[in-house]
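Visitor: So the sequence lines, in the order shown, correspond to chains S and F.
Just so we're aligned, residue 1 is where the first sequence starts under our numbering, counting upward by one.
Just so we're aligned, residue 1 is where the second sequence starts under our numbering, counting upward by one.
Note that these hints are calculated values from the structure, not bench results.
Do not rely on the hints blindly, as some may be mistaken.
[As the list claims (entries may be wrong)] Beta-carbon label-pair distances, calculated as ranges: (1) F:G91 x S:S51: 13 to 21 Å; (2) F:K65 x S:E50: 15 to 23 Å; (3) F:S39 x S:T58: 17 to 25 Å; (4) S:E123 x F:G91: 40 to 48 Å.
[As the list claims (entries may be wrong)] Listed below are the simulated DSS-like cross-link pairs for lysine-lysine, each with C-alpha atoms no more than 27 Å apart in a straight line: (5) S:K142 x F:K116; (6) S:K165 x F:K88; (7) S:K65 x F:K88.
If you're wondering where the values come from, they're calculated on a predicted model, not measured in any experiment.
Glycine is no exception: its CB is placed at the ideal position from the N, C-alpha and C atoms.
Okay, here's what each chain looks like letter by letter:
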Amino acid sequence: MKNKLNTLMLFSFIAITMLFTACDTELNKDNISDQSSISRTASVYNIDMESGNSSYITVTVKDFKIIEDKITDLNAEPFKEIPDFVDEDGNIKSDYDFAVITLSLLSETNTTACVSGSTLMLENNYFECFYNDSPVDDSNTKQSGYVELTSNTEKEINIGFFINKDSISDSSEFIFYPQFVDTGEEGPSIDITDMLSD
Amino acid sequence: MQIKKTLIGLIGTVILIGAMGVSVFANNSSDTAYSFKVSNSKKYTSFRSKLDDTSATIKVSSGSKVIVYVHGSTLQITSSDCTYGTPKTVGISSTYTYLPNTVYEDDYSYARLAIKSATGSSFTSSGVWSPDSV
Chain S
1 MKNKLNTLML
11 FSFIAITMLF
21 TACDTELNKD
31 NISDQSSISR
41 TASVYNIDME
51 SGNSSYITVT
61 VKDFKIIEDK
71 ITDLNAEPFK
81 EIPDFVDEDG
91 NIKSDYDFAV
101 ITLSLLSETN
111 TTACVSGSTL
121 MLENNYFECF
131 YNDSPVDDSN
141 TKQSGYVELT
151 SNTEKEINIG
161 FFINKDSISD
171 SSEFIFYPQF
181 VDTGEEGPSI
191 DITDMLSD
Chain F
1 MQIKKTLIGL
11 IGTVILIGAM
21 GVSVFANNSS
31 DTAYSFKVSN
41 SKKYTSFRSK
51 LDDTSATIKV
61 SSGSKVIVYV
71 HGSTLQITSS
81 DCTYGTPKTV
91 GISSTYTYLP
101 NTVYEDDYSY
111 ARLAIKSATG
121 SSFTSSGVWS
131 PDSV
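Bound-form chain F, shown alone (with noise of 0.2 Å):
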């Protein structure tokens, strides 16, 4: 009986397996959407897991210009500015802009963007970002 089980699951998982295709996320530089209003106080995205050193990305498909910011976490209840340099001021485009950052080198475990209008007023902002990059 319980080689039948055993039987049966691995069919399953090879059946599983087989239909599952290639795209699994290189490092985590897949994109999520994003979509809220945004002010002059900093608005902030859900955490991603950062898996290397490199830049984080955003593009922004509509709204004013922003202001953006890469925050590292631990636990994913707070977060520290980890933003390199100064931060990145970036509005619509149909080009990725990198994000510099020490999220990584600070043995934080995931980011999140903290974005704030540019402009002064309030508006919507929509768009796309990954922690990482390729």
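The following block holds chain S by itself, in its conformation from the complex (with noise of 0.2 Å):
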């Protein structure tokens, strides 16, 4: 009887067990589907400083980078311009890291937006735009962190961020601020931080 007794008691002993292993895989795969589910999109305001006309610019980042060192090695010319965070050959200083976040824009109008406004947050340090790889106007400084959007038609751009090394080691997350017009109130985020590759 006392063996039939430990035998019910082992039985229900592992049945317990696996049922709470099942629900914590269930646990586990309703976190793994938040995670995937994780917006990259926001809705952000826009003037075009040029007619003058608001609208709203759908933002999505499709990839978040941090580059190391390197990056003057192969294209240093531009970067001299900038020698708080470049050295006279042309290498990012020691302290920084250059981080890339490629954007896609899409505009129901055909507008123009200041992507330069727009700001990285690690640890409560804010960052602020450096770098854009479609400017309206390449040749005019003033015009380089603006983006010319044609109607309904996507455009990927890549714009960059000088980091210092130690806010990015110490960093937990990376939030990305959309901003195309400062109107003194706080626009979308954006939690860039499980895109960031090892």
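Bring the two chains, given one by one in their own frames, into a single complex with the hints.
Guide: Following this line, the structure appears as structure tokens:
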């Protein structure tokens, strides 16, 4: 009788353990599902400074990566113009890395958006955009932050940020704030932490 | 395996740089846009890095005349007025107005504009500005 009771208790223990394991697995699956459904898209207010027309632009983060050290070895010349971040040989100074975010921009109307108002936040430090690979007028420094958009035509661009190495190593999250017009109010944000590959 | 990963990373970097073109913003003279309601009290833009001792610039595209101050900051929390001389009164224009300031000389790393109405009434002011100039 005692042996039967022990066996029953053992089976009960195994069954309960299996049940908890199954629930835990289900929970993890839910978490993974939530992770993959994190929105990388935001609707961002814009004013075309030429026409004065306002609209919203759909911004989607496609990629996020951090380049260390070697960027200027390959294309040094333009980076020499920003001496706070780049030395006289064109190399990024040892305290900094260069973060690149690939964006998709979609507007319902023809417009021009100023992407250089966007910021990247790491542990409460904000870093401003210093690079845009699709400027309206490459020869005009004042307009180097502007991107021209054609209605209902997706445009992919890369923008760049110089970030302190310490900030990167200390940061557990990376939040991107897309902004075309500074309205004095905080705009939308996109958590891009888990996009950063090792 | 490690060599393969390094090689893939290097190739990726080369492709990325090759696609980048040449538009890095020289000092910090690229424009950013602003648009907000101004009144008799100062309204502030976001902070931007001040990279040299050149004047800040502003070009107002809509609204009435505004008075513009240049502030300096270290931690991007509070800021001090670093306007050099009399604050500029700026109206709608197709050209830039230069805003002399001592932000860089005072060892501040960041600048922002403080803008208020020059007419006494409230209105929305829009335009572009930069912390440095060419």
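Visitor: Sort out which numbered hints this structure fails and list those numbers smallest first.
Guide: Numbers 3, 6 and 7, in rising order.
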